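Protein chains in written order, with the numbering used here: chain A, 1 to 98; chain B, 99 to 196; chain C, 197 to 294; chain D, 295 to 392; chain E, 393 to 490; chain F, 491 to 588; chain G, 589 to 686.
Mixed in with the good hints, there may be bad ones.
As the list claims (entries may be wrong) - Sample of chain E residues lacking proximity to chain G, with all beta carbon distances greater than 10 Å (derived):
1. K408
2. P449
3. E454
4. G465
5. K469
6. F475
7. E481
Said to hold, decoys possible - Label pairs and their calculated CB-CB ranges:
8. E:E454 - F:H545: 34 to 42 Å
9. C:G268 - E:G455: 49 to 57 Å
10. C:I202 - F:E542: 32 to 40 Å
To be verified - Dumping the calculated DSS-like pairs for lysine-lysine here, alpha-carbon to alpha-carbon at most 30 Å:
11. F:K530 - D:K348
12. D:K334 - F:K551
13. G:K642 - F:K544
14. A:K81 - E:K395
15. D:K348 - B:K152
16. C:K277 - D:K348
17. F:K567 - G:K628
18. D:K371 - C:K273
19. E:K446 - D:K348
20. D:K371 - D:K334
21. B:K175 - A:K77
22. C:K199 - C:K273
23. C:K199 - B:K152
24. B:K159 - B:K138
25. G:K628 - G:K591
26. G:K669 - G:K604
27. F:K544 - G:K649
28. F:K506 - G:K604
29. G:K665 - G:K604
30. B:K138 - B:K152
31. G:K649 - G:K665
32. G:K604 - G:K649
33. C:K273 - D:K310
34. C:K257 - D:K334
35. F:K530 - F:K571
36. E:K473 - E:K446
37. E:K473 - E:K408
38. F:K506 - F:K571
39. A:K54 - B:K159
40. D:K348 - F:K551
It is worth saying that the hints were derived from the structure and are not from the lab.
Bear in mind that the values here come from a model prediction, so they are computed numbers and not experimental data.
Using N, Cα and C, we set each Cβ at its ideal position, and we do this for glycine too.
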Amino acid sequence: MAKRLIPTFNRILVEKIVPPSQTTAGILLPESSTKLNSGKVISVGPGLRGTEGKHIPPSVKEGDTVLLPDYGGTQVKLDDKEFYLYRDEDILGTLHDN
Amino acid sequence: MAKRLIPTFNRILVEKIVPPSQTTAGILLPESSTKLNSGKVISVGPGLRGTEGKHIPPSVKEGDTVLLPDYGGTQVKLDDKEFYLYRDEDILGTLHDN
Amino acid sequence: MAKRLIPTFNRILVEKIVPPSQTTAGILLPESSTKLNSGKVISVGPGLRGTEGKHIPPSVKEGDTVLLPDYGGTQVKLDDKEFYLYRDEDILGTLHDN
Amino acid sequence: MAKRLIPTFNRILVEKIVPPSQTTAGILLPESSTKLNSGKVISVGPGLRGTEGKHIPPSVKEGDTVLLPDYGGTQVKLDDKEFYLYRDEDILGTLHDN
Amino acid sequence: MAKRLIPTFNRILVEKIVPPSQTTAGILLPESSTKLNSGKVISVGPGLRGTEGKHIPPSVKEGDTVLLPDYGGTQVKLDDKEFYLYRDEDILGTLHDN
Amino acid sequence: MAKRLIPTFNRILVEKIVPPSQTTAGILLPESSTKLNSGKVISVGPGLRGTEGKHIPPSVKEGDTVLLPDYGGTQVKLDDKEFYLYRDEDILGTLHDN
Amino acid sequence: MAKRLIPTFNRILVEKIVPPSQTTAGILLPESSTKLNSGKVISVGPGLRGTEGKHIPPSVKEGDTVLLPDYGGTQVKLDDKEFYLYRDEDILGTLHDN
Chain A
1 MAKRLIPTFN
11 RILVEKIVPP
21 SQTTAGILLP
31 ESSTKLNSGK
41 VISVGPGLRG
51 TEGKHIPPSV
61 KEGDTVLLPD
71 YGGTQVKLDD
81 KEFYLYRDED
91 ILGTLHDN
Chain B
99 MAKRLIPTFN
109 RILVEKIVPP
119 SQTTAGILLP
129 ESSTKLNSGK
139 VISVGPGLRG
149 TEGKHIPPSV
159 KEGDTVLLPD
169 YGGTQVKLDD
179 KEFYLYRDED
189 ILGTLHDN
Chain C
197 MAKRLIPTFN
207 RILVEKIVPP
217 SQTTAGILLP
227 ESSTKLNSGK
237 VISVGPGLRG
247 TEGKHIPPSV
257 KEGDTVLLPD
267 YGGTQVKLDD
277 KEFYLYRDED
287 ILGTLHDN
Chain D
295 MAKRLIPTFN
305 RILVEKIVPP
315 SQTTAGILLP
325 ESSTKLNSGK
335 VISVGPGLRG
345 TEGKHIPPSV
355 KEGDTVLLPD
365 YGGTQVKLDD
375 KEFYLYRDED
385 ILGTLHDN
Chain E
393 MAKRLIPTFN
403 RILVEKIVPP
413 SQTTAGILLP
423 ESSTKLNSGK
433 VISVGPGLRG
443 TEGKHIPPSV
453 KEGDTVLLPD
463 YGGTQVKLDD
473 KEFYLYRDED
483 ILGTLHDN
Chain F
491 MAKRLIPTFN
501 RILVEKIVPP
511 SQTTAGILLP
521 ESSTKLNSGK
531 VISVGPGLRG
541 TEGKHIPPSV
551 KEGDTVLLPD
561 YGGTQVKLDD
571 KEFYLYRDED
581 ILGTLHDN
Chain G
589 MAKRLIPTFN
599 RILVEKIVPP
609 SQTTAGILLP
619 ESSTKLNSGK
629 VISVGPGLRG
639 TEGKHIPPSV
649 KEGDTVLLPD
659 YGGTQVKLDD
669 KEFYLYRDED
679 ILGTLHDN
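Modelling step: build the complete structure from the supplied sequences, incorporating the hints.
Have a look at this one:
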């Protein structure tokens, strides 16, 4: 039975994107194009709380492709799949196709 | 006589879930499915206080299944049963069956 | 002449409960039932102050049975009896008979 | 000419109480009754300031008998008498005769 | 396919300016004129959040030429080009031609 | 030409009082009466700023005789005379003749 | 082409004043009169921001002669001239001719 995790506070559950090391046509990609440490946002917490307790929504949302820091993040295994929890302030930015 | 603990502030009393290492039918489960560090919330404190003293309710509630950090938590023994106290900000998220 | 101490701020004066190591009928209790580090609240301070100086009442009150942390607390001797001062945020919870 | 010190902020000027080591009738007191580290409040500062600059009056007042921490305090000599300055948050409580 | 990064919070994406070591006419420039550690702002985050969650816009904007600190900044590679992420409070100032 | 210093924020410019080691009549004073580390306030800054930028006036004023801490203070030489800058929170109190 | 730097936040761009080691008439000045670490304010940032994002103007302004701390400050070279950036809270005071 699949488990779903709803993070607390400003925690963000991320599935890391493993970049393909060759194209679908079988051409090996040069190393530089595989380096970006990015992930897909799976679920987000309700956000931190302001001084009077109101939630401040996190800066990224479900489905976003995000740039991750090289270090940090807490590994979580749900149904044999690896995920990572980050605080939203540690996520460097969102990635978009031009 | 059983003792009941009502935590202070944003402390959360948790009973750890010991995952079954075999199914009820006696089939041994692979190690990976037993690894999640989770627990059941037994009781919660009234929450931290905002700048003017109002309580900010904690982010989890009695009965929640929660994902716990690998380290931390204060062990408490009540009537020979082991429990753990966590600050609600240290609890990583709530677990739900899909 | 007996001395009475009224703590300042969120300090809590506690008299530790020494658990009986045998029942009144003389039966030795197993070690595990004597381990809880608890105490009786003797007096409480008016509480910390919010940003504008108003007192935020402490989270426990006179007469409460409280669960204490394993470390910390300041020993105070009043009229040859030993007491301990704790900050109310260091008290783990209140204990109640079910 | 005698000097008077008015402390700044939440500083408290205290004269330590040296407990008599024998009663006025000459009976030596047991050591345990002489141990309390207490003092008399000589003068208090106007208190710390809240975020908008208003003074928050200190938690003890002139004439109070106070319980002092074992360490800390700044020694001040005025007219050959020894006094100690404490921050009001370091004073443990006020002592009262029952 | 080109990737675009929108930084989170007060992060600023900067492309460093590599100063020409000779003029377009081929005259070698003295070392002192090549030393300034500056960059072009490529994109900016929405800014940090105030106590109630409102964004505080960052202090520099897209297109600004900025003076960078000698240390710090997180290297990011997008489409084989090198960029740097800085917190806006770490950027020393904006550079303008007189 | 004499220089005048107006301190910034809650800085206080102090001229230390060197206690006479003998009375004007030539009688040597015992060491204990010369020990107080005091000074005269020469000029004060406008004070720190509250959260909205308003100045919070410092706790001492020009002309006050102040009790100084044994350590700290920044030495400043103006027109060959030695002065000391203190943060107003480091000044222990004001001294008054009874 | 001359570059102009507008500092961010409460940063202050300062040009240090090198005191003449002899008078214009050629008389060598004694060492003590050359020691003051002072500078001229060249440009100031818009100031830090309060909790709701409003700028709090810095405590010194363009053209002020300021007393600098002995340590700290970030060296910046603009058009071969040396400048220093300070946070306005690190500037000790403003110097005025009486």
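Now the hints, each set against the structure:
no., hint, in the structure
1, K408, "holds (16 Å)"
2, P449, "violated (8 Å)"
3, E454, "holds (16 Å)"
4, G465, "holds (15 Å)"
5, K469, "holds (26 Å)"
6, F475, "holds (19 Å)"
7, E481, "violated (6 Å)"
8, E:E454 - F:H545: 34 to 42 Å, "holds (36 Å)"
9, C:G268 - E:G455: 49 to 57 Å, "holds (55 Å)"
10, C:I202 - F:E542: 32 to 40 Å, "holds (36 Å)"
11, F:K530 - D:K348, "holds (26 Å)"
12, D:K334 - F:K551, "holds (29 Å)"
13, G:K642 - F:K544, "holds (12 Å)"
14, A:K81 - E:K395, "holds (27 Å)"
15, D:K348 - B:K152, "holds (22 Å)"
16, C:K277 - D:K348, "violated (41 Å)"
17, F:K567 - G:K628, "holds (18 Å)"
18, D:K371 - C:K273, "holds (29 Å)"
19, E:K446 - D:K348, "holds (27 Å)"
20, D:K371 - D:K334, "holds (16 Å)"
21, B:K175 - A:K77, "holds (29 Å)"
22, C:K199 - C:K273, "holds (10 Å)"
23, C:K199 - B:K152, "violated (34 Å)"
24, B:K159 - B:K138, "holds (10 Å)"
25, G:K628 - G:K591, "holds (18 Å)"
26, G:K669 - G:K604, "holds (11 Å)"
27, F:K544 - G:K649, "holds (17 Å)"
28, F:K506 - G:K604, "holds (28 Å)"
29, G:K665 - G:K604, "holds (13 Å)"
30, B:K138 - B:K152, "holds (27 Å)"
31, G:K649 - G:K665, "holds (21 Å)"
32, G:K604 - G:K649, "holds (15 Å)"
33, C:K273 - D:K310, "holds (17 Å)"
34, C:K257 - D:K334, "holds (28 Å)"
35, F:K530 - F:K571, "holds (14 Å)"
36, E:K473 - E:K446, "violated (33 Å)"
37, E:K473 - E:K408, "holds (11 Å)"
38, F:K506 - F:K571, "holds (11 Å)"
39, A:K54 - B:K159, "holds (17 Å)"
40, D:K348 - F:K551, "holds (17 Å)"
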